[in-house]
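Enquirer: Residue numbers (this note's numbering), protein chains in the order written: chain R, 12 to 522; chain S, 1395 to 1720.
The hints are simulated quantities; they were obtained by calculation from the structure and are not laboratory data. Every residue, glycine too, gets a C-beta built ideally from N, C-alpha and C. Among the hints, erroneous ones may be present.
Stated by the list, open to error - According to the in silico footprint, chain S covers these stretches of chain R (three or more CB under 8 Å from chain S):
| # | segment |
| --- | --- |
| 1 | 43-54 |
| 2 | 128-140 |
| 3 | 230-240 |
| 4 | 398-408 |
In case you want the letters, here they are:
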Amino acid sequence: MALGVKGIKTAFMAALLAGAAFAATPAEAAGKLTISSPQDPGSWDPIDTFLVNWASVGTNIFDGLTYRGPDRKLVPGLAESWTEMDGGKRIRFKLRSGVTFHNGEPFNAAAVKFTFDRLLGEEGAKGPQRSNYIAIESVEVIDDTTVDLKLKAPDPVLLTKLAGYGAMIVPPKYIQEKGDAFFNVNPVGTGPFKFVSYAPKTGIKLEANPNYWGGAPKLSEVEYRFITEPATAVAELQAGRVDVVLPPTIPIGMVPVIQADPKLTVLSIPGPTVDALRFNTKSGITADPRVRKALIMAVDRAAIVKSILAGQASEIASFQGELSFGYDPALKPLPFDPKGAQALLAQAGVKPGATVQIDIRGNDATMNEVAQAVAAYLGAVGVVATIKPYETNVLLNDIIPQGKTGAMFQQKWGGWTFDYDNTAYAMYHSGEKWNPYEQDADLDKLLESQRAITDVAERERILKQIAHAVADKALEMPLYNSNAIYGVAKRVKNFPPASDNRPKLTEVTVD
Amino acid sequence: MPDAVSLHFFRPVFPGWHVLAGFLLKRLIQAVFVMVVVTLVVSFAIRLTGDPALMLTQGAGSITEQDLERIREALGVNRPFLVQYGGFLTGLLRFDFGNSFLGGTPVSRLIADALPATLLLALVSMAVSIALSIPLGIRAATARGGVADQAIRILSLVGLSVPNFWLATMLVLLFAITLGWLPPSGMESPSNFVLPAVTMGVILTATNVRLVRSAMLETLQSQYVMVARAKGLSEGKVLYKHALRNCAIPLITYFGLQFGGLLGGIVVVERVFNWPGLGTLAFDAVAARDYPVLQGVITVLSLLIVGVNLLVDIAYGLVDPRIRTS
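Next up, chain S with everything else stripped away, as it sits in the complex (with noise of 0.2 Å):
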């Protein structure tokens, strides 16, 4: 995007519909291009690890292969894979992913009651995250090589290099088990959002603060700076609304793009916190061989993670006009 930029730098600026409608047109196709692979991939990929015929029956003393066969047919699982593929994509057109292998549950319901879970996890966790490293990336800046720099630098490599489960389970240990102020696991209240929230925001924030800390470094050396601050604006004023403003098209897009990472991220989180979201979901598809659910959690996934990176686009062109025309 930035080099779109720089190029057609002097292009008259046309915030016509019509270009934006090309703009959306051209990623939807990417979008839905990017989806079949990935699903493709992803049901090709589960189909290889084994039968979940066998899975169903594990516990069963004897099973004959016509048991076995007569399972496979109900669960559609001896058609060649792109029949069964197929019915994927043509289901999906209806909204119907099918049902799960464990229990026929449909699948679509399955996503619909952990969807909601997983979003609010990220979006609670991105909140914290944000909060933290906003002014902690700020202050950094403007303490530039000074005992605060320093150490909101060391404490973010802490940050970084602590594994999220570790992080999780001693956060349990200290909240839950010795002073009993927070549940351990579950989501049946909001005290339960704060240790997965906190173990996510933690990690989280330890890369953004040296984000916003680069970003506003170089936002502080620019010329509007110094003038705002010849103006004689306050100090806050300088730095929140005209430096973080500028600086903020970067942020966004890491954000966004951390966003739909996240999701996919947040699997260990959530098993640890026995969080009932997507990534419980999938890791559980996965153990049982549960085809239609991995599918449709994974399609779900993408979609989103699709999604955010076109309003990341979106929000772009509206931050900045110059990008809409490119």
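Same shape as in the complex, but just chain R (with noise of 0.2 Å):
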């Protein structure tokens, strides 16, 4: 890093403005990728940090044991082949020889250990990833390529998370050198790319490991660069400055903008993320399941999904899109039926004029204009909706877990996973965060018996088992799964958009 160059750097800029020549160089190389992310993780170690724009980059470092591509089938990564011991509690991972580090250093059994201690020990505790990988008692190491992840209980999704973020392997010699605060922004793996430069707040650069095991990348170069402002964005994109820019950045209303620039493409898939407002099932006239059901069908979500989303989003009926593991293609939404609702408000004893108020994210736009959407249609069966846009931190913080919202909340989750437990289990499972007001012990059961065991087909069955509860007890007005949005470059081919926003780059060119 050129920290005290730079002020220097700075210094000299000025001097030289008068004289600039006012012409803006595209910043592409043969070969160089440039992509624009929302954020700066603020350290590339992968136990440090949640944001899935760590995972952005963080993929194309460092690989996993297992590694989940933009498909989502799970295939070998580091490790070629696993096998499941003593009923779940112990995992065998064969390990692929030959590899090693950016830095030269061998991947083996010992690295894996290394990796595993250090998360589940005193340096992974300080961060948010260890508690995903809590099933993790020990790990063995059998031989230079043999270890064993020893489990305190069967973890169904382990598999999964042992593909990205804090299971992601690093190197035990370096970090132990160089230290933890060095490694944070020096970071080395053994994938696709090694670590270039990384400048605080404005971006990281990486150049192709040519002895990747899975093949070397096509491109020789990728630079991201972190872009807060969605116009500011698509300004690069659309100045050819940038070539990708990722999600979560492009906001619905500029799709149009970038569609209609011939240079440039719009890629859009279903992604992680999805909308709801759930009730306060306590108190008020939303703790009556009939007056529940009754604002479920007076809102037509096809519409709005339609209009305000444009497309770019699909109806859901659970908390969960149609990629999730649990997803029911046969549970179908309450229909959209104003008639049916009024009965059912009438029958609650609900005089036309109550009120319901509708806690959202302040800076989500698209909410912003969901909300005043489904408050015109409570209007229209005559229960009159207000919208009170909280500051993000303060509605996560200290509206939902305190039990203070609004007769209805906006919940607004996605897991990388793509596993309904991800979310159901924070949203559904009393005492949880994201559930202040439901308690609910066949739910609680439900919830916890799917996270024990490792049979695929009755997991799925009892997820399944779970959406239907939650829908039957109509907790939440169920609207959308939304997409992820990718704006590229025409001259970039073989671009995989991920919907989990971690896109491989190895198999990447540019023209």
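Two chains, two frames, some hints: make the complex.
Expert: Take a look at the structure:
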């Protein structure tokens, strides 16, 4: 990092300003891809962060034991194969041999053990990743290329979780010698691209790792630039200075701008993020399930998806998209039926003019519009809705977990694992953070039972059962599953628009 | 200040260093007080708005209270507020702002990266604005009531009414996308300065032009201008040497204060142009509840603003010796 140098450099810029050639030079050399990412995670250590924009970069620097590509199929990564033993309480991994880290350090069973000991030990305890891998009790090295993960209890999602984030394998010697603080800003992994430089809040540069075990990448360089402001990211794309804008950056309203540009294209695919309006099921008129059902039936969600979201989303029946494990195509949402809604409201003794408050994330432009449409639909059946936008952190920290919401409040989540459990447990299990009002022993039992089994079919059955139970109780007004929207220059070929925002760039080329 | 001048107008003039030192000391104590109050309020207020441990774990499926407690422990946010604030103050004495919650980078390093970017943009914007507003303001004053005056005043009104993010977006649309002459964002080359500096500069000029105009009008009515003209000096010399120098005091004060305000107000422009400065740093820190970074940025900003005000006072004294003694 050129920290001290930068001050001097910037000072020179002022002097140069007067004589500057006022021409913007495109940043791309041959074989270089420039990507706009909305956030700087601050550290490139896999165990320090949970930001999806860490993973967009991290997936190109690091590898996990398993790998999950854009098709969301779990395939071998640094492990060539694995077998479950002891009824799912032990997983034995056969490791790829001859793989080295970018610094030349060999990848082996000891590196795997180091990675998980670090994640589950003192260093990991300071960060957010540890909780995801808590099922792992210990790591046992069998020989140089064989390693066992010994589990406290079976974890059906563990193999997926090994494909990303905190489970990325890190180099033991490098970290021990250089220290954690150095590793944070000088990451070394086994992935297709090697770290070159990082300027906080500005960007990170990578170069091809010609010795990549999965085949050398076709690009020679990749630069990620951190651009938060959507209009700025799109302007850079239009000016030809970035080739790809990663989600979640491009708002739906800007999609036509990109589509209208002959040099650009929009790649839009279902992502993990789902929106719903959860009800206060404890007090007020929404404590009555008939009222909740009536409110759901009063709103034409298909029309909202079509008009406000311009088709960049799909309607949902439970809090998950169709890519999610646990999704049941047979589960249909309550139909749009204002007459039926009015009848149900009358039955529940709700008089016209009754009020509900809808709490939303204030910075969520789409939800601001959607909430207004919802309020208008509710008004049509005689329920007066007021919208209360909160600063997102206040809503998430103080309002929802403390049970201080209005009658309805926005839930917006998505897990990169694409497993219903990821959100369902935190939203429906008693005492969980996103479940301030509901206590249901049956639902608790279902949620707990699926966590202990690795039988895929049986687990899927239980997850579907949970989705049905939530829909039957009308705990939320299901809204939509948003698409992940990528803006891509047409000079970029073979770009894989990953649903989980982790496009691996090995096969990408540029004209 | 002007009151003080008139009060002590007849006192003998001592340009003594001890007077200046006493004056500086007084201002220094004021500065420390201001900074303690500002950082105290900011540190306290941001802690009311959310838990950084929750922010860090937002994407995680299930986080238990113990997990959160461990993270809070590691970040040091589970200690009582005054202990945390005390730690911040003692760190400050060692020029240590602590480490960012997001990735653990030392805050001093983030600020060292961002500060030159912000200062440079602010300086260039000020330079653009001064270069525009002094000739325009003088022109408006000399052509008082005439076409040039009217035009300049109307343009300044337009400039005042235009929101800076709108102007920034329009400039980007025209010069970066349609014409492709300038880069839309970032800070890799001198050409990157043009759009943000012009955006800021134009908006500052709108106010400054009016200020220069009114200061100039006042000065032009004074007797020494009449004398200067009577001496047969060229109009340029009269305006730029005699009149401008005499109305320099209010202008210096104003530009100085404006520079302080500019550092705070640059946030929006930094964001639109993705400028890697203090504004962007503060904005991200608020969004992530990154207390140490926000505290650090606010401390540095208030230090700068207080420092610039102090410099303005000193410059005052240099330009007008009467003030040194008051």
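Enquirer: Confirm or reject each hint.
Expert: Results for each hint:
For the segment 43-54 of chain R, the proposed coverage by chain S is satisfied: 5 residues have a C-beta within less than 8 Å of a C-beta in that chain, meeting the threshold of three. Proximity of the segment 128-140 of chain R to chain S, defined as three or more residues with a beta carbon under 8 Å from a beta carbon of that chain, is established by the 5 residues found. Beta-carbon proximity to chain S at under 8 Å applies to 5 residues in the segment 230-240 of chain R; the threshold of 3 is reached and the given coverage holds. Against chain S, the segment 398-408 of chain R contributes 5 residues with a C-beta closer than 8 Å to a partner C-beta. That satisfies the three-residue criterion, and the hint holds.
The structure shown violates none of the earlier numbered hints.
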